[in-house]
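S.K.: These protein sequence lines map, in sequence, to chains A and B. Using the working numbering, read the first sequence as starting at 1 and increasing by one per residue. Using the working numbering, read the second sequence as starting at 1 and increasing by one per residue.
Treat the hints as calculated values from the structure; they're not laboratory data. Treat each hint with caution, since some may be false.
Taking CB as the label site, the calculated pair distances span [unchecked claim]: (1) A:Val133 to B:Leu17: 34 to 44 Å; (2) A:Arg223 to B:Arg36: 47 to 57 Å; (3) A:Val22 to B:Val13: 25 to 35 Å; (4) B:Arg36 to A:Phe34: 35 to 45 Å; (5) A:Ser32 to B:Arg36: 18 to 28 Å; (6) B:Val13 to A:His71: 36 to 46 Å; (7) B:Ile39 to A:Arg223: 50 to 60 Å; (8) A:Ile225 to B:Leu17: 20 to 30 Å; (9) B:Leu26 to A:Gly129: 38 to 48 Å.
Heads up, incomplete: computed chain B residues facing chain A, CB under 7 Å, no partners named [what the hints assert, rightly or not]: (10) Ala9; (11) Asn11; (12) Ser14; (13) Val16; (14) Ala18; (15) Ile22; (16) Ala24; (17) Gln30; (18) Trp31; (19) Val34; (20) Leu35; (21) Asn37; (22) Ala38; (23) Leu40.
Not the full set, but computed from the structure, chain B residues with beta-carbon under 10 Å of chain A [said to hold, decoys possible]: (24) Leu7; (25) Ala20; (26) Gln32.
Note that the coordinates shown come from a computational prediction; the quantities given were computed from them, not determined experimentally. Don't be surprised by glycine CBs; every beta carbon is placed ideally from N, CA and C.
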Amino acid sequence: MKDEQSGMRGFWERVARRRGLVQTLSALVLNSYFTQRITRGFPCPALNCYACPAAAFACPIGSLQHFIGRHKLPLYVMGVVGLVGALIGRASCGWFCPFGWFQELVYKIPTPKLRLPNRFNWTRTVTLGVLVVAIPYVTREPWFCKLCPAGTLEAGIPMALLSSDVRSMIGTLYWIKLGLLAAFLGWMSVTQRPFCRWVCPLGALWSPFNPVSAFRLQVDQERCIRCNQCQEVCPVDIRVYENESSSACIRCLECVRACPVECIAVSSPAGGQAEP
Amino acid sequence: MDRRRRLFAINRVSIVLAVAAILAGLTFDQWQIVLRNAILL
């Protein structure tokens with residue numbers, strides 16, 4: 001039994017070591033262009049702007065606003081988002097989201113770092129309620145998309161560079177979008193994943209699934225020595241032993257790799273109940 | 001143990017509801033709506 005447990009931990013550690021590769025491949029697959037005439041009917045499990053010329057899938061938040069703006073119940077989109085959440089919680093944020101990966105890369109720029117508590121991360125839900133649901137419902141316009149820094153980076157800037165028609169339409173809103181992106185770029189370089197932690201509405205949709213998803217973390221509280229190594233390596237700066245189902249956790253498994261006493265384990269994606 | 005069983009049940013109910021929502025959405029042709037919206041951007 002013990003051999004089986006250490007074997008599983010070894011497996012998840014090997015998986016976690018390849019996260020950078022998975023993030024790179026995910027960014028490429030989500031923006032692989034050629035299949036877009038068919039695959040753009042599928043919402044992708046990440047915040048990836050579908051106005052990007054190369055985007056192969058639909059952005060779940062953009063699609064959600066489209067339905068809300070038409071006063072239709074977004075059953076299909078919510079079903080896909082709910083299925084991903086129920087299976088892996090916020091693991092998509094840690095493994096598949098190109099904008100999350102981008103934030104981790106920007107944070108590697110050597111600058112003075114600013115550590116902020118996760119206490120106010122309910123602001124994600126405010127973004128979801130106001131910019132994705134309420135305002136699009138009233139105005140029938142996708143207002144989150146109009147301001148989204150991921151959209152500016154993946155679509156706004158490339159489209160303006162590629163098309164003179166788009167350049168001729170540039171107005172105040174475009175400069176506001178650029179300003180927001182610049183502000184987030186600055187913030188990303190000093191604080192870990194600020195957009196994911198305080199703004200992302202997709203993260204807000206997946207957060208409630210973290211305690212109940214099939215893929216989740218378990219901490220052996222008796223074995224844990226509270227050394228905070230998990231927090232040191234965590235891209236969202238949480239102490240996993242305080243709440244293994246934290247709504248901020250993106251299931252990147254960096255803590256599983258870093259834990260010196262090996263007290264963090266992954267529960268089976270099939271719904272099993274592995275012990276740490 | 002009870003807590004684990006409850007979480008397990010909630011997980012399975014969530015999966016069933018999500019699949020039901022996808023199927024319901026597909027019957028209303030929402031896949032086409034998503035595709036058209038994403039292509040027209």
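S.K.: Holds or violated: 25 to 35 Å for the Cβ distance of A:Val22 and B:Val13?
M.R.: holds, 29 Å
S.K.: For the restraint on B:Asn37, tell me whether the closest CB of chain A is nearer than 7 Å.
M.R.: holds, 5 Å
S.K.: Taking the least C-beta to C-beta distance, is B:Ala9 closer than 7 Å to chain A?
M.R.: violated, 9 Å
S.K.: If you take the shortest Cβ to Cβ gap from B:Asn11 to chain A, is it below 7 Å?
M.R.: This interface hint holds because 5 Å falls under the 7 Å limit.
S.K.: Was the hint right that B:Leu40 lines chain A, CB cutoff 7 Å?
M.R.: violated, 10 Å
S.K.: Does B:Gln30 pass the interface check with chain A, least Cβ-Cβ distance below 7 Å?
M.R.: It holds, given that the least Cβ distance between B:Gln30 and chain A is near 4 Å, below 7 Å.
S.K.: Does B:Ala20 pass the interface hint, meaning its C-beta sits closer than 10 Å to a C-beta of chain A?
M.R.: Hint on B:Ala20: holds, closest Cβ of chain A at ~7 Å, below 10 Å.
S.K.: Could you check if B:Val34 really has its C-beta closer than 7 Å to a C-beta on chain A?
M.R.: holds, 5 Å
S.K.: Quick check: does the Cβ-Cβ distance between B:Ile39 and A:Arg223 fall within 50 to 60 Å?
M.R.: With a Cβ separation near 53 Å, B:Ile39 and A:Arg223 satisfy 50 to 60 Å, so the hint holds.
S.K.: B:Ile22 was flagged as interface toward chain A. Is the shortest Cβ-Cβ separation under 7 Å?
M.R.: holds, 3 Å
S.K.: Does the Cβ distance between B:Val13 and A:His71 fall inside 36 to 46 Å?
M.R.: Taking Cβ atoms as reference, B:Val13 and A:His71 lie about 28 Å apart, which means the hint is violated.
S.K.: The hint says 34 to 44 Å between A:Val133 and B:Leu17; measuring C-beta to C-beta, is that right?
M.R.: violated, 19 Å
Going through the hint list in order, the structure does not satisfy hints 1, 4, 6, 8, 9, 10, 13 and 23.
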